[in-house]
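**Q** Sequence:
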Amino acid sequence: MLIMKNNFLLLIILSIVFYACSQSEESVNEFKSSIAYIDYCKSDIITPDDYIQWVDAKFSKQVNYGNVIYELKYIPVEYKLLKNSKYKSIEAFNKDVKEFSNSQYFTFRISVKDYSGNPIKYNLVSENEYYARVEYLSFGILNDICLIENEDSLFCKLNNFERSYNLDPYITESFSFDKVDTTSNGDKVFIYNDRLFGNGIIKFRFSNKELNNSPKIGF
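Okay, so the sequence shown: first residue is 9 according to the working numbering, each after it adds one.
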């Protein structure tokens, strides 16, 4: 009985080997392609375009307060440079990364659910209020923005209110902060005290783990 079982197992093994060897070249190539794809997915090096898409997906956060939607995107220096320039070599790219590495950047958006107009006009009571909002978004908002990192409070050094002349259904601001410690291993907590719609403190947290798990960029 034992001999019969062993012969049966041997027959199965030989059948599998015969089947594998009899596969067409196309099947073998498909198998090799699958392995190559897996290796690509495991790779830590991606193209500049893929890196931009990666940041868009990974470093964007959203907070809803009533019908007001607040969105914040952390902008790595690498992302900012790649969005504005085309690099032909990794050396030129790394040189610019080093030059701008003392700052950190964020893009902030405010929109209103089920409202197709620009939020700057949302629930306006007068024309004077409209101009007061423009003034606030251009200058006053700097006093209501703060970044907490390693228990240090970093205040915004520069902002840019993107004037779309009410064509976009959202308000967009860009903020930059000093990067005091380039070896920081703490989380980043972005705080906005909303005096535009009176919704108080809005917080966004980016953990050190997610911010320091970026893929490498290849050219």
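If you are wondering where the hints come from, they were derived from the structure by calculation, not from laboratory data. Among the hints, erroneous ones may be present.
[Said to hold, decoys possible] The list that follows gives simulated cross-link-like pairs (lysine-lysine, DSSO-like), each with its CA atoms no further than 27 angstroms apart: (1) Lys121 <-> Lys69; (2) Lys81 <-> Lys217; (3) Lys187 <-> Lys129; (4) Lys187 <-> Lys121; (5) Lys211 <-> Lys94; (6) Lys66 <-> Lys129.
[What the hints assert, rightly or not] Derived DEER-like restraints, expressed as beta-carbon distance ranges: (7) Glu137 <-> Lys94: 19 to 27 angstroms; (8) Ser111 <-> Tyr178: 19 to 27 angstroms; (9) Asn75 <-> Asp152: 16 to 24 angstroms; (10) Lys106 <-> Ile156: 39 to 47 angstroms; (11) Asp195 <-> Asn136: 23 to 31 angstroms.
Beta carbons: idealized from backbone N, C-alpha and C, even for Gly.
**Q** Could you run down the list of hints and mark each one as holding or not?
**A** Results of checking the hints against the structure:
Taking the CA atoms of Lys121 and Lys69, the gap is about 16 angstroms. The hint holds against a cut of 27 angstroms. For the hint pairing Lys81 with Lys217, the CA-to-CA distance comes to about 16 angstroms; that is within 27 angstroms, so the pair holds. About 35 angstroms separates the Cα atoms of Lys187 and Lys129, which puts this hinted pair outside 27 angstroms; it is violated. Under the criterion of a C-alpha separation no larger than 27 angstroms, the hint pairing Lys187 with Lys121 is inconsistent with the structure, at around 34 angstroms.
The straight-line distance between the Cα atoms of Lys211 and Lys94 is roughly 34 angstroms, outside the 27 angstroms bound, and the hint therefore fails. Restraint check for Lys66 and Lys129: the C-alpha separation of about 31 angstroms exceeds 27 angstroms, so the hint is violated. One distance hint, 19 to 27 angstroms for the beta-carbon pair Glu137 and Lys94, is violated here, with the actual separation near 43 angstroms. Separation of Ser111 from Tyr178 is about 24 angstroms and conforms to the stated range, judged on CB atoms against 19 to 27 angstroms.
Look at Asn75 against Asp152: about 20 angstroms separates their beta carbons, and that is inside 16 to 24 angstroms. One distance hint, 39 to 47 angstroms for the beta-carbon pair Lys106 and Ile156, is violated here, with the actual separation near 26 angstroms. Asp195 and Asn136 have their C-beta atoms about 40 angstroms apart, which leaves the hinted 23 to 31 angstroms range violated.
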